[in-house]
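Here the protein sequences line up with chains F and S, keeping their order. Just so we're aligned: 68 in my numbering is position 68 of the first sequence, and the numbers increase by one with no gaps anywhere. Just so we're aligned: 47 in my numbering is position 47 of the second sequence, and the numbers increase by one with no gaps anywhere.
Calculated directly from the structure, the hints in this document are not laboratory data. In this text, all values refer to a predicted model and were calculated from it rather than measured experimentally. Possibly wrong hints are sitting among the right ones.
Put simply, identical chains are the same to the list, so a pair is met inside one copy or across any two.
[Stated by the list, open to error] Below are the EDC-like pairs computed for lysine to aspartate or glutamate, each with C-alpha atoms no more than 20 Å apart in a straight line:
#1 K87 <-> D48
#2 K87 <-> E56
#3 K68 <-> D14
#4 K68 <-> D104
#5 K41 <-> D14
Protein chains: 2
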Amino acid sequence: MTDTDADHPTLGFDDVVHQRTRLGILSVLAEADRADFGYLKIVLRLTDGNLGRHLEVLAEHGMITLVKGYEGRRPRTWATISPHGRKALQAELAHMRALLRHLDPD
Amino acid sequence: MTDTDADHPTLGFDDVVHQRTRLGILSVLAEADRADFGYLKIVLRLTDGNLGRHLEVLAEHGMITLVKGYEGRRPRTWATISPHGRKALQAELAHMRALLRHLDPD
Numbered sequence: 001m002t003d004t005d006a007d008h009p010t011l012g013f014d015d016v017v018h019q020r021t022r023l024g025i026l027s028v029l030a031e032a033d034r035a036d037f038g039y040l041k042i043v044l045r046l047t048d049g050n051l052g053r054h055l056e057v058l059a060e061h062g063m064i065t066l067v068k069g070y071e072g073r074r075p076r077t078w079a080t081i082s083p084h085g086r087k088a089l090q091a092e093l094a095h096m097r098a099l100l101r102h103l104d105p106d
Numbered sequence: 001m002t003d004t005d006a007d008h009p010t011l012g013f014d015d016v017v018h019q020r021t022r023l024g025i026l027s028v029l030a031e032a033d034r035a036d037f038g039y040l041k042i043v044l045r046l047t048d049g050n051l052g053r054h055l056e057v058l059a060e061h062g063m064i065t066l067v068k069g070y071e072g073r074r075p076r077t078w079a080t081i082s083p084h085g086r087k088a089l090q091a092e093l094a095h096m097r098a099l100l101r102h103l104d105p106d
């Protein structure tokens, strides 16, 4: 897809990042140094299955890194955003700004 | 879902409107008085099937109205945005602005 001025602003959105839950995960991770599964679940109000599925998609696309470990005896999974994920989130936000400018230029 | 200050901004997004293609359709219709199937297809670079499916979802949710008619002998389908659709698009844009402010307060 070429990205000329004539393109409608919504054409730039990438579904991997744009999807509401994944956008939420990347947004939280962009602010926090890292976040664990339980924290993401509460902040984004997700079920285990739903969060797990979306984390997997983001990891498959190299946008986050998942690290499994223990805190005391309790198994934990931490997620961090990768440089690629941070760039993809910035691109999504830039497309949002472009759409807002397009629809509401004031 | 309550909508308190503590809610993460991405929780407000409604998948019906947030989904990239439907957001594109509503955006085009918010600007144009009405648009026909062929125009939407070109501007949003969609196949017949994909456009048809998303128009149906928006119509089912009362966000657009579809009118079938003829231009000369050629059958045409026109779409217009409903007041409910316009309100839903404005809510989506407000949530985008909230997310942008949240992540990038400057």
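Status of the hints after comparison with the structure:
1. K87 <-> D48: neither (27 Å within a copy, 33 Å between copies)
2. K87 <-> E56: within (18 Å within a copy, 34 Å between copies)
3. K68 <-> D14: Classified as neither; 28 Å inside a copy, 32 Å across copies.
4. K68 <-> D104: neither (44 Å within a copy, 30 Å between copies)
5. K41 <-> D14: For K41 and D14, only the inter-copy Cα distance (19 Å) is at most 20 Å; the intra-copy one is 23 Å.
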